[in-house]
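The residues making up each chain are set out below.
Number of protein chains: 2
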Amino acid sequence: MTSFDLTTPAFLVDRSIVARNCARMRGKARESGVAFRPHVKTHKSVEIGRMQHDGSASAITVSTLAEAEAFAADGFRDITYAVPIAPAKLPRVAALQSTIDRLNILVDSELAYLAIEAYAAAHDVTFDVFLKVDCGYHRAGVDPENPDSVRLAMQLGRSERIRFQGLLTHAGHSYHARDREEVRRVAAEESACLSRFRALLATEGLGETRRSIGSTPTLAVVDRFDECDEVRPGNYVFFDAFQATIGSCTLDDVAVSVLTTVVGSYPERNTLIVDAGALALSKDLGPDHVLPQFGYGIVCDLDLRPLPMRIAALSQEHGRIEMSHANVPVGTQLRILPNHSCLTAAMFDRYHILDENRVVDEWKPVRGW
Amino acid sequence: MTSFDLTTPAFLVDRSIVARNCARMRGKARESGVAFRPHVKTHKSVEIGRMQHDGSASAITVSTLAEAEAFAADGFRDITYAVPIAPAKLPRVAALQSTIDRLNILVDSELAYLAIEAYAAAHDVTFDVFLKVDCGYHRAGVDPENPDSVRLAMQLGRSERIRFQGLLTHAGHSYHARDREEVRRVAAEESACLSRFRALLATEGLGETRRSIGSTPTLAVVDRFDECDEVRPGNYVFFDAFQATIGSCTLDDVAVSVLTTVVGSYPERNTLIVDAGALALSKDLGPDHVLPQFGYGIVCDLDLRPLPMRIAALSQEHGRIEMSHANVPVGTQLRILPNHSCLTAAMFDRYHILDENRVVDEWKPVRGW
Chain A
2 MTSFDLTTPA FLVDRSIVAR NCARMRGKAR ESGVAFRPHV KTHKSVEIGR MQHDGSASAI
62 TVSTLAEAEA FAADGFRDIT YAVPIAPAKL PRVAALQSTI DRLNILVDSE LAYLAIEAYA
122 AAHDVTFDVF LKVDCGYHRA GVDPENPDSV RLAMQLGRSE RIRFQGLLTH AGHSYHARDR
182 EEVRRVAAEE SACLSRFRAL LATEGLGETR RSIGSTPTLA VVDRFDECDE VRPGNYVFFD
242 AFQATIGSCT LDDVAVSVLT TVVGSYPERN TLIVDAGALA LSKDLGPDHV LPQFGYGIVC
302 DLDLRPLPMR IAALSQEHGR IEMSHANVPV GTQLRILPNH SCLTAAMFDR YHILDENRVV
362 DEWKPVRGW
Chain B
2 MTSFDLTTPA FLVDRSIVAR NCARMRGKAR ESGVAFRPHV KTHKSVEIGR MQHDGSASAI
62 TVSTLAEAEA FAADGFRDIT YAVPIAPAKL PRVAALQSTI DRLNILVDSE LAYLAIEAYA
122 AAHDVTFDVF LKVDCGYHRA GVDPENPDSV RLAMQLGRSE RIRFQGLLTH AGHSYHARDR
182 EEVRRVAAEE SACLSRFRAL LATEGLGETR RSIGSTPTLA VVDRFDECDE VRPGNYVFFD
242 AFQATIGSCT LDDVAVSVLT TVVGSYPERN TLIVDAGALA LSKDLGPDHV LPQFGYGIVC
302 DLDLRPLPMR IAALSQEHGR IEMSHANVPV GTQLRILPNH SCLTAAMFDR YHILDENRVV
362 DEWKPVRGW
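Here the protein sequences line up with chains A and B, keeping their order.
The working numbering numbers the first residue of the first sequence as 2 and each following residue consecutively.
The working numbering numbers the first residue of the second sequence as 2 and each following residue consecutively.
The set of hints was computed from the structure by calculation and includes no laboratory data.
Careful: at least some of the hints might be erroneous.
What the hints assert, rightly or not - Below are the BS3-like pairs computed for lysine-lysine, each with C-alpha atoms no more than 25 Å apart in a straight line:
hint: 1; chain 1: B; residue 1: 365; chain 2: A; residue 2: 365
hint: 2; chain 1: B; residue 1: 365; chain 2: A; residue 2: 90
hint: 3; chain 1: A; residue 1: 365; chain 2: B; residue 2: 90
Bound conformation, chain A alone (with noise of 0.2 Å):
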């Protein structure tokens, strides 16, 4: 019978799972002929930026500049750091890149784009740069529709003071897409709206624009990746509740649980408490737009097997459990699958590695800012 010798709340990555969804992404973006910057956000944990590219330490994409500064370190040479850049930060990229073969920065305003020409005349430094671009999901990114888009994508491929990467979107809104045909449509849309416009700021006169594309839910239901020339899947590796709902991945993609132990078992109410609260599974609401009420994750015995369970509320450090017999006794370990694998993998401080269900090792993530 399955146990675990840990302390509850603990966070739990099967390593062959997270080795299978790697091979699948990575293979999938070889035969299509593009290139892959996975995103490391989801894990950020040098180990498992090795997996996704097979071992090596190749081109990777970040979140913050903690990351980016923790997997120079560790060996990898080529990032891309994919949130639009704060001009306060310049000094701090600038050091890294000197370090490194390339440090990519986002921009997306005219404002960002003269703070970056004035650092770098002012010390005589070159910026590689990436025109976030807004394909549908409101975010960030500069509307492609709109002429000053042209114009700053214009004035970053003129520049001297700057390395122009290219054109980078983000399809966030393949989250709101409820199955696997409304994320294929988000998917088209992702690809055809850099392609229309580089064809665009190729009539302008900018010459070959390269289109980095991503999303975990666009990039996991397609077949192959077309019109880009790049890829940034990050989730991924992990998967979780969220993506086997919509359709990314079935439940036995979904790598990481967090396992936790009953604490209280309330029959008269039909609820148990469990040691996994808030700051152990995030309270991101999962797939809610799909499935209303889903809870906060989905409650598994110690294989990993589903059970009729309902994790109705978070507090700090305990979940509440409604189920229509609380017939389980304290002490029992249950193992959860996260609704949201990004925002459960950060709240832990350490991640124990799983081989068919024994902890073979214990990987740090990065943290902080």
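We have chain A; now place chain B onto it with these hints.
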């Protein structure tokens, strides 16, 4: 003009507001003649633990054994671990309690009680144990109306391996209240429930039983602590947007904020993007039972004046702010009062301590379990 030379996002703690919040709650406990055992889970910082006791390492409550161990190592010798004990954690409890004066643990089931008896007998140790009582929150705790609860209390009271410490409850349902009046009703229930149960135990022959209560809303709104022997407030050191909204405090009492930088400004869609996302703020929805669509915190300028902005969405490292005229330039710093300071504080490895808006120190909270 106020400005901060810090990497964003950063967690700012105003030391004088913390001191004022601490003094007020401590003074009320002293004037009420009840024991004061504040919770440290909100801040997890030994420095603030001492501020709660005006400089001394006196009695505290913790939410994890990691907190208990770290505070014990710093000189705190009287600790209550206020989550029902998992039997597998008893060896750690036994090891820690042997190094300090007292480590109280909680039970609310016969199974946990029997596990304690068995461990204590096998290792020839004794444990300090509270009975956790449900005063209406229906998270953990025994039902005080159930005869089995009386039986369990009598087992604890008569055990030779257990020093019975009394009854402990937490009126977490005060967080469902919408204003001070509703909180006051919960506060009355919280105390009355334990007093009634104590009277019942007295008729069974169990003498004076200590009553320990605690939730920041209930303890903040009453003028004095009646019908109890000990109070365990926690959130009051920092307070937050939630507590201010239900009336536990005013916005001026909120001692913490997340410093963030505008990294995207999109007047055409009336949004800003800041570099405080779900990993800086947590995805706590705040007081949305009072103010639907509250957003993920209160956005303020650097002098903490609230701005007409709403944090509409959080992804991992992006916060999306909606406003009517998004004419705020990239690079602008903002301060966000968090919805739930306990969860937000836990996202940070270090706190920047402010004295009159100048950073004067850096404190590190305990992490993990």
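Going through the hints against the structure:
no., hint, in the structure
1, 365(B) <-> 365(A), "18 Å, holds"
2, 365(B) <-> 90(A), "23 Å, holds"
3, 365(A) <-> 90(B), "23 Å, holds"
In summary, the structure agrees with every hint in the numbered list given earlier.
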